[in-house]
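*Asks:* Hey, can you work out the whole structure from these sequences and the hints?
Protein chains in written order, with my numbering: chain W, 898 to 1052; chain R, 19 to 434.
Fair warning: there could be bad hints in the mix.
[Said to hold, decoys possible] Just a few of them, taken from the derived set where beta-carbon distance is under 8 angstroms, the chain R residues facing chain W:
#1 72
#2 336
#3 362
#4 417
By construction, these hints were calculated from the structure, which means they are not laboratory data. All C-beta atoms, glycine included, are put in the ideal place defined by N, C-alpha and C.
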Amino acid sequence: MRRSGSSIAQRWGGVVMLLSVAGITDSASAQLRTVVSRAVTVYVSTSSDAVSPMVTVSVVGPMAASNVTSQVVTVLVSPRGPAGFVEAVSRAITLRHRCPADFDDSGGTPDTGDIDAFFLAWLAGDPAADVDRSGGTPDSEDIDYFFSRWLTGGC
Amino acid sequence: MRNWNVWAGIAALVVTAAAAQAQIDVRSDGSDGVFSPTSSRTINLNDAAVGDWFNSSPIPGRGIYDPNVHAVVFKYESVNIPAGVTVTFENSARGNPPVVWLVRTDATIAGIVDVSGKPWTSSGIGRPGPGGYAGGLAKEGGTSSGSAGFGPGGGQLRWPNNWGYAGGSFAEIGITADIASGAAGELYGSPDLLPLIGGSGGTAHRNGDGQSGGGGGGAILVAVGSDLTVNGEFLALGGNSVNFRSGSGSGGGIRLMSNRLFGTGKLRAKGGTVDSRGGLGRLRLETLQNSSAFSVTEGIGSNSIATPGPLFPPDNTPTVRVRSIEQVPVPANPRADLSLADMSLYVVGSTLEIEVETTFVPSNWQVRVRVVPRSGIDFWATAIRVSGNDQAAVYRASIGDFPQGISAIQAKAVSP
Chain W
898 MRRSGSSIAQ RWGGVVMLLS VAGITDSASA QLRTVVSRAV TVYVSTSSDA
948 VSPMVTVSVV GPMAASNVTS QVVTVLVSPR GPAGFVEAVS RAITLRHRCP
998 ADFDDSGGTP DTGDIDAFFL AWLAGDPAAD VDRSGGTPDS EDIDYFFSRW
1048 LTGGC
Chain R
19 MRNWNVWAGI AALVVTAAAA QAQIDVRSDG SDGVFSPTSS RTINLNDAAV
69 GDWFNSSPIP GRGIYDPNVH AVVFKYESVN IPAGVTVTFE NSARGNPPVV
119 WLVRTDATIA GIVDVSGKPW TSSGIGRPGP GGYAGGLAKE GGTSSGSAGF
169 GPGGGQLRWP NNWGYAGGSF AEIGITADIA SGAAGELYGS PDLLPLIGGS
219 GGTAHRNGDG QSGGGGGGAI LVAVGSDLTV NGEFLALGGN SVNFRSGSGS
269 GGGIRLMSNR LFGTGKLRAK GGTVDSRGGL GRLRLETLQN SSAFSVTEGI
319 GSNSIATPGP LFPPDNTPTV RVRSIEQVPV PANPRADLSL ADMSLYVVGS
369 TLEIEVETTF VPSNWQVRVR VVPRSGIDFW ATAIRVSGND QAAVYRASIG
419 DFPQGISAIQ AKAVSP
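*Replies:* Put into C-alpha cells, the structure is as follows:
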C-alpha cells in the first residue's frame, strides 16, 4: 500500500473525504476514476490543532500497486462519511412496551386477573413484578405503583 | 481490521488479474463444499453455525452466521444450479440476515436463486426475503389496526383514513395510492450494496382483518473467484399486497462479483406489482472482465460495471446501533421478532428515551429513529447527540406517548 500525505488549511472535524487524482496518464486516470469510487479511501485524522490539522491519505487499489511514482492528490471536502458512505442503518429491534396495570396482557380495562397475576409474580420475586423499573427484587413500591395504575384504569 | 484486509487483498489482486487470468480472492476456502443441487431446494439459514465468517464452516453446506457482519456466509468450492432448479431460503431467526455466497472457483446459474419477499397472507404477515423487512402486520381480531411496513423504507400509515396505501421503498420510492392514508417509505441503502441489505415492507390494509403488506425482497451477494455465468435468474422481488388499499414490498438487493462475468440471464429486484406497489431494489455488478448481457431493467444501479470492491463494509464505515431504551441495554444481537420482543419494559413516566450509538458519523448528519407499532401509526423521532465525537458518539431520542404493545425500532443516520 502506498501512502501519500497532504494537508488542508481548515479543520474538518475528522470528516473523511473523497479523493480525485490527476497528473497521470489518461488510461491510468480512467482506471483510477473507476477505482476511486470503489477502492480508494481517504482517511482524515485531525489532530487537536485547529489551525493545521494533518490529513492522512491512504490509497488502496491499482494505483497503489502500480509503478506510478508521482501523483497529485486532491482532497475534496464532502459531507460524506468514510469511503463515501452517506447513510447508516441499524439493525432492527423489537420492544414490548407493557402497561403495568394490564399485568396479564389480556388487554382492555385492568381487572382482578391482573391483580392475581401481579401478586403471583411479586411473591415469586419475579423481575417482571418490578413494574416501577427501579431494579432489583420487587418491593412494596412496586405494589404501590401497580395499584396506582390499576386504580386509574390503565396507563 | 478483518474487513480492511479483505479489501486490500482484493484490490492487490485486481492488478494481477487484469494482466493475467487470475482469480480474485473472495476469501473462500471451499469449506461448504460443492453446491450442485439436482432438484429445487430450500436452504435453511437457521442451520448455520455462529462464528467468524473467516473461519471454515464447521458443518459443510450450512454456512456461518457472523453477527459482526450480520450475514450468513457460505464458502463454496463451486456452484452449479442447473436449469429447472430453484434455490430458496428459509430466513434466519437471528435478525433475518442476508445471504453471502463466496465461491472459490466458478459458479454457473442456469436455474433460479430466489431471495424474494413473500406476498400478503391471510395469516397476517408478508414475510421478507433474507436481509429484507416484513410487510405491515395485518389487523387481527384483538388489534385496532394493521401496521406500517417494516424496515427503513417501510410504507407508512397515515391518519385519519382507514387504509394503508403505501408501498415499501428501497432504491426507488414506492407508490402511494392515497397520500391522505399512507406515505411511501424513504429511500435508503448504498448503490454498491455496502452494507448488504434488503427491501422494506408495504403497509398492511389498515382495517382489513388478515391482510398484511407485502414483504421486502431479500439481499444476496455472490462473489466468485473465477467465472460467474448466469443464464438463469436471480430474484429479489418484493411481495405483493392484497390490493391497492395496502402496500407491496420493495425489491431487494443483488450484488454479483467475479473475475469474469458471462451469460444472458436476468437479475430482478422489482417491487411488488400490486398497487400500492413497491419501489425497485438495487442491483450491483462487479467484475474485471464483463462478457455478460444480463437483463437488468428490474432494479437500479446496474448501468455500469464496477471493479470488485470489498466484500463487507470497511472498518471505518459509519454505523448506527440502538444501544439502550430507558437505560436498559439492548441485546447485542437482536432477533427483531415481532411476536417475541427483544425487550420488555413497563410504561413508567410520560416519555421513553432511546439511545443510539454511532461510529464515524459526522456531526452534521441527522440521526433518527423509526418506530413501527404492531398496531397503529408509525413515526420517526430525531435523536440529538449527547456525548462523543465523530468517531464514536451517543445520540438520544425522547419520545412521548410511546405506544404500548410491540413495536419495531430502527435507527438511521443520514448525510445532509
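*Asks:* Take the hints in turn and mark each one as holding or not.
*Replies:* Structure-based check of each hint:
1. 72: Constraint on residue 72 of chain R not satisfied, violated at 19 angstroms.
2. 336: holds (4 angstroms)
3. 362: holds (4 angstroms)
4. 417: Since the shortest Cβ distance to chain W is 10 angstroms, the answer is violated.
Violated hints, listed in ascending order, are 1 and 4; each of the other numbered hints is respected by the structure.
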